[in-house]
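Heads up: the sequence shown begins at 1490 in the numbering used here, then just goes up one per residue.
Simulated from the structure, these hints should not be mistaken for laboratory data.
Note that CB positions come from ideal geometry on N, CA and C, so glycine has one too.
Please note that a few of the clues may not be correct.
[What the hints assert, rightly or not] Here are the computed distance ranges between Cβ atoms for each label pair:
1. Glu1619 x Gly1502: 29 to 35 Å
2. Glu1527 x Thr1616: 34 to 40 Å
3. Pro1515 x Thr1589: 30 to 36 Å
4. Ala1627 x Asp1568: 32 to 38 Å
5. Leu1531 x Asp1608: 31 to 37 Å
6. Ala1599 x Arg1521: 16 to 22 Å
7. Asp1557 x Ala1586: 21 to 27 Å
8. His1509 x Pro1621: 18 to 24 Å
9. Asp1568 x Pro1625: 29 to 35 Å
10. Glu1537 x Ala1627: 30 to 36 Å
11. Ala1599 x Asp1535: 17 to 23 Å
12. Leu1525 x Pro1556: 18 to 24 Å
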Amino acid sequence: MSVMTEETTLTGGRAVQLVHPLPGLPGVTRYRLRGLDEAGVLFTLDSEEGEAVEVSLLLAAPWAFFPDYAPVLSDEDVDLLGLSRAEDALLFVVLTAGETAAGSTANLLAPVVVNQVDDRAVQVLLTGTELPVRAPLAAAA
1490 MSVMTEETTL
1500 TGGRAVQLVH
1510 PLPGLPGVTR
1520 YRLRGLDEAG
1530 VLFTLDSEEG
1540 EAVEVSLLLA
1550 APWAFFPDYA
1560 PVLSDEDVDL
1570 LGLSRAEDAL
1580 LFVVLTAGET
1590 AAGSTANLLA
1600 PVVVNQVDDR
1610 AVQVLLTGTE
1620 LPVRAPLAAA
1630 A
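Could you build all of it, start to finish, from the sequences and the hints given here?
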């Protein structure tokens, strides 16, 4: 299933449950997805486990920086998320903030996908592709 998300706005945030914990964070699966701007471009994914581990990822809607980005999810990932339609998927890329905006990058190889019907989420690893883990945002703008 190919997914491509247009504008996404989140008022007040959305509770999401990761199907699998993020790499290196065993047991942390409850998060809150929050919008950071009115344009629906920047988001945070903050852990809500109530444990000593506090996780906050900076996410972006890929259409803002990579308008042709439309990853194809494996059948396994589609099943894990319970997706029946591509329109039910919210697609995000994980950002690594640089010292300046020009030094920031996006992980195009492992996007975060949320089923907006039931709020299940997973960070997928796209196989059979040579998408970069650190795609410069400056080059995409």
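Now the hints, each set against the structure:
At about 34 Å, the beta-carbon gap between Glu1619 and Gly1502 stays in the expected band of 29 to 35 Å. For the pair Glu1527 and Thr1616, the supplied restraint of 34 to 40 Å holds, since their beta-carbon distance comes to about 35 Å. About 34 Å separates the C-beta atoms of Pro1515 and Thr1589, a value consistent with the hinted range of 30 to 36 Å. Distance hint for Ala1627 and Asp1568: a CB-CB separation of about 37 Å, consistent with the stated range 32 to 38 Å.
For the hinted restraint 31 to 37 Å between Leu1531 and Asp1608, the CB-CB distance of approximately 20 Å leaves it violated. Between Ala1599 and Arg1521 the Cβ separation comes to about 20 Å, which falls inside the hinted range of 16 to 22 Å. At roughly 23 Å, the beta carbons of Asp1557 and Ala1586 sit within the given window of 21 to 27 Å. At about 23 Å, the CB distance of His1509 to Pro1621 agrees with the hint of 18 to 24 Å.
For the pair Asp1568 and Pro1625, the supplied restraint of 29 to 35 Å holds, since their beta-carbon distance comes to about 33 Å. Here the CB-CB span from Glu1537 to Ala1627 is close to 33 Å, well matched to the stated 30 to 36 Å. The hint said 17 to 23 Å for the Cβ distance between Ala1599 and Asp1535, and at roughly 19 Å that hint holds. Checking the proposed 18 to 24 Å range against Leu1525 and Pro1556 shows it holds: the Cβ atoms sit about 20 Å from each other.
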